[in-house]
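Numbering that gives the first Met the number 0 numbers the first residue of the sequence shown as 0 and each following residue consecutively.
If you're looking for bench data, these hints aren't it; they were derived computationally from the structure.
Here a beta-carbon is modelled for each residue, glycine too, at the ideal position from N, C-alpha and C.
Honestly, I wouldn't trust all of these hints.
As the list claims (entries may be wrong) - Label-pair ranges, simulated between beta-carbon atoms:
1) Cys-50 with Lys-3: 30 to 40 Å
2) Trp-85 with Thr-15: 22 to 32 Å
3) Gln-6 with Ser-149: 26 to 36 Å
4) Gln-137 with Gln-94: 18 to 28 Å
5) Glu-100 with Gln-6: 17 to 27 Å
6) Glu-100 with Asn-67: 33 to 43 Å
7) Ser-64 with Ala-99: 19 to 29 Å
8) Gln-94 with Thr-15: 19 to 29 Å
9) Pro-48 with Asp-136: 22 to 32 Å
10) Gln-24 with Ile-4: 20 to 30 Å
11) Glu-148 with Ala-51: 35 to 45 Å
Unchecked claim - Think about it this way: if two alpha-carbon atoms lie no more than 16 Å apart in a straight line, the pair counts; the simulated EDC-like pairs of lysine to aspartate or glutamate are:
12) Lys-83 with Asp-106
13) Lys-131 with Glu-39
14) Lys-80 with Asp-152
15) Lys-80 with Glu-39
16) Lys-83 with Glu-39
17) Lys-86 with Glu-39
18) Lys-131 with Asp-145
19) Lys-3 with Asp-145
20) Lys-80 with Asp-106
21) Lys-80 with Asp-69
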Amino acid sequence: MTGKISQTELGTLGETLVSNWLRTQGWQQLDRQWHCRWGELDLVMAQGPACANGQLAFVEVKTRSQGNWDAYGLMAITRSKQAKLWKAAQLYLLQHPQWAEATCRFDVALVACRFKQPQINSQGFPNYPAAKHLAIDQARYLVLQDYIESAFDAPHR
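Using the sequences and the hints, build the whole thing.
Printed below as a string of structure tokens:
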């Protein structure tokens, strides 16, 4: 059965997919949908200890349906949006000083909502790595389209 799903619910499911995938890569989730006056940090993920040897990733997750016009959300991350995320991350670090010495970066996860199933494998799932897809219902699923590390430091792909 397929029901109507709101953009907020779709975004939350996209964040779940990305968080689960990052955990398979050795990261741990510190916060999710962390709010401040500058906006929201979708995911705050850590790898390693809370010191200079650790890494912190502020992950902006963009979840889009088929037929979108903004490169799966990549074009929605303007310089203005980046500046707000930067300020939010600074405030996060002020409130969590144990991470102040960790290496920090801004990553972008692009998640696509698919409505037609691709070729199904023997377990009944689309032929994507298990950690990179999440079923919504019988007709739709999410797939991690792209994950861009240090997205604000380098040219986009």
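- Holds or violated: Lys-80 to Asp-106, with C-alpha atoms at most 16 Å apart: Holds: Lys-80 and Asp-106 sit about 13 Å apart, inside 16 Å.
- Given the proposed pairing of Lys-83 with Asp-106, does the C-alpha separation stay at or below 16 Å? holds (14 Å)
- Message: Hinted pair, alpha-carbon criterion (16 Å max): Lys-80, Asp-69. Please report holds or violated.
- Response: The given pair, whose Cα atoms are some 15 Å apart, holds under the 16 Å limit.
- Message: Verify the CB-CB distance for Pro-48 and Asp-136 against the hinted window 22 to 32 Å.
- Response: Given a distance of about 40 Å, which is not inside 22 to 32 Å, the answer is violated.
- Sort out whether Asp-145 lies within 16 Å of Lys-131, counting only the CA atoms. holds (10 Å)
- Query: Has the given pair, Lys-131 with Glu-39, been kept, meaning a C-alpha gap of at most 16 Å?
  - Reply: With Cα atoms ~23 Å apart, Lys-131 and Glu-39 exceed 16 Å; violated.
- When you take the CB atoms of Glu-100 and Asn-67, is the distance between them in 33 to 43 Å? holds (39 Å)
- Query: Does Lys-86 pair with Glu-39 here, judged by a C-alpha cut-off of 16 Å?
  - Reply: It holds: about 10 Å lies between the C-alpha atoms, which stays within 16 Å.
- Between Gln-137 and Gln-94, does the beta-carbon spacing fit 18 to 28 Å? violated (42 Å)
- Could you tell me whether the CB distance from Cys-50 to Lys-3 stays inside 30 to 40 Å? For Cys-50 and Lys-3 the Cβ distance comes to about 46 Å; the hint is violated.
- Message: Quick check: does the Cβ-Cβ distance between Trp-85 and Thr-15 fall within 22 to 32 Å?
- Response: holds (25 Å)
- Could you tell me whether the CB distance from Glu-148 to Ala-51 stays inside 35 to 45 Å? violated (19 Å)
Hint compliance for this structure: hints 1, 4, 5, 7, 9, 11, 13 and 19 are not met, and every other hint is.
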